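Chains G and P, in that order, give the protein sequences. The first sequence maps to residues 217 to 321 in our numbering. The second sequence maps to residues 2 to 212 in our numbering.
In case anyone wonders, no lab produced these hints; they're calculated from the structure. Keep in mind the model is a prediction, meaning the values are calculated, not measured. We put the beta carbon where it would ideally sit given N, CA and C, even for glycine. Take these hints with a grain of salt, some might be off.
Said to hold, decoys possible - Here are some chain P residues the structure puts well away from chain G; computed CB gaps all over 12 angstroms: (1) GLY40; (2) GLU126; (3) LEU138; (4) GLU140; (5) LYS149; (6) SER151; (7) HIS159; (8) ASP167.
Stated by the list, open to error - Capping the alpha-carbon separation at 20 angstroms, the derived lysine to aspartate or glutamate pairs in DMTMM-like fashion look like this: (9) P:LYS177 to G:ASP276; (10) P:LYS155 to P:GLU119; (11) P:LYS87 to G:GLU314; (12) P:LYS164 to G:GLU314; (13) P:LYS202 to P:GLU133; (14) P:LYS177 to P:GLU121; (15) P:LYS164 to P:GLU3; (16) P:LYS85 to G:GLU314; (17) P:LYS87 to G:GLU315; (18) P:LYS202 to G:ASP276; (19) P:LYS85 to G:GLU315; (20) P:LYS155 to P:GLU133; (21) P:LYS114 to G:GLU315; (22) P:LYS164 to P:GLU126; (23) P:LYS177 to P:GLU122.
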Amino acid sequence: MASLNDYLFVSGLLFAIGLAGVIVRQNIIVIFMCLELMLASASLTLVAFSRFHLLNGLPDYNGQVFVFFIITVAAAEVAVGLAIIVALYRARQTINVEELTSMRG
Amino acid sequence: MENLVFYLFAFMAVAGGVLLVALRNPVSSALAMVLSFVGLAGLFIGLNAYFVGIVQILVYAGAIMVLFIFIIMLLDLNDEKPVKFKSSSVVAGLVIPLLLVVQILGVIQAGSKGNRVEFEEITNESMRRSAEQFAQLDEDKVAFPREKQSAIYKSLTHEKSPKLPDTNLIGNTIFKSYNYPLQVVGVLLLVATIGVVILSKRSNKQAPIDS
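Just chain G, same shape as in the assembly:
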């Protein structure tokens, strides 16, 4: 059977892939998708720890409740973030991060 370390490694790998996407990509929508991937990989860590920390023979459900809250917050975050992207596109006609430099110091 897969051990806790295997799950943690998969989670870390997914987080690193998401981080690579955030650094490399220039399309702001794809960057946002990579952020979602990083968030979801963190919840894999929580579920793995919840399952491997048995309390009286049952998984520790506090971790899974935390994942539930993370998913809720992620849904709200996606709605607000995409609305911001649409407003940005209306103002500038681009979603390439290389061309959005007005906040550069």
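Using the hints provided, position chain P relative to the given structure of chain G.
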């Protein structure tokens, strides 16, 4: 067998992530993200977290994916010219995540000190043992008859096939221990809804941001 399923879904999640980063077309990226999230949901279900796995598919692979595709179609970016990646950002995007993976491997090795935390099956006996804490007792600390017991107790102590009442146990935890955070999250969703409506309302009087 279970090992095979773990590797299948882990490969699915990682491959989806790689495709998400590598594919040029944003619509293909969104579909690769769905592949990755379905793989993650499979891993959750393999960890006996059925509720979280199903919610992952419903919310991420359903609602959030549709929202992304909708915005991509709305902005109509398909005819955008192919952009060249800057070599400095490609190098940074390879080196920093690689360092992160090496560090995570090091922490996992050092933290476990060589002994693996093995997967412990949830057996019928362990479910029966854990059912006692959910038994409803009367004043004399005697359990009520079976018909009057909670759904969690009945499911955990079923004679033929006890099942893990995953959703009931999560509900039990949320509404007993996390009632206040749950209501705060409700307010957060309301605020997000209002914020989105205000953000996307086009007002003619207001000038564009940069001119």
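Hints, one by one, checked against the model:
1. GLY40: Violated, because the least Cβ-Cβ distance between GLY40 of chain P and chain G comes to about 9 angstroms, which does not exceed 12 angstroms.
2. GLU126: GLU126 of chain P is in fact no farther than 12 angstroms from some Cβ atom of chain G, at 8 angstroms.
3. LEU138: holds, 17 angstroms
4. GLU140: Non-interface label stands for GLU140 of chain P: nearest chain G Cβ at 24 angstroms, farther than 12 angstroms.
5. LYS149: holds, 22 angstroms
6. SER151: It holds; SER151 of chain P is separated from chain G by about 14 angstroms at its closest Cβ, greater than 12 angstroms.
7. HIS159: holds, 15 angstroms
8. ASP167: Violated, since 8 angstroms does not exceed 12 angstroms.
9. P:LYS177 to G:ASP276: holds, 15 angstroms
10. P:LYS155 to P:GLU119: violated, 29 angstroms
11. P:LYS87 to G:GLU314: Cα-Cα ~10 angstroms, so holds.
12. P:LYS164 to G:GLU314: With a Cα-Cα distance of about 53 angstroms, the restraint between LYS164 of chain P and GLU314 of chain G is violated, given a limit of 20 angstroms.
13. P:LYS202 to P:GLU133: violated, 55 angstroms
14. P:LYS177 to P:GLU121: violated, 27 angstroms
15. P:LYS164 to P:GLU3: Distance of about 19 angstroms is within 20 angstroms: holds.
16. P:LYS85 to G:GLU314: holds, 11 angstroms
17. P:LYS87 to G:GLU315: holds, 13 angstroms
18. P:LYS202 to G:ASP276: Since the Cα atoms of LYS202 of chain P and ASP276 of chain G sit roughly 44 angstroms apart, the hinted pair is violated (cutoff 20 angstroms).
19. P:LYS85 to G:GLU315: Since the Cα atoms of LYS85 of chain P and GLU315 of chain G sit roughly 13 angstroms apart, the hinted pair holds (cutoff 20 angstroms).
20. P:LYS155 to P:GLU133: holds, 11 angstroms
21. P:LYS114 to G:GLU315: violated, 48 angstroms
22. P:LYS164 to P:GLU126: The hint holds at about 11 angstroms.
23. P:LYS177 to P:GLU122: violated, 27 angstroms
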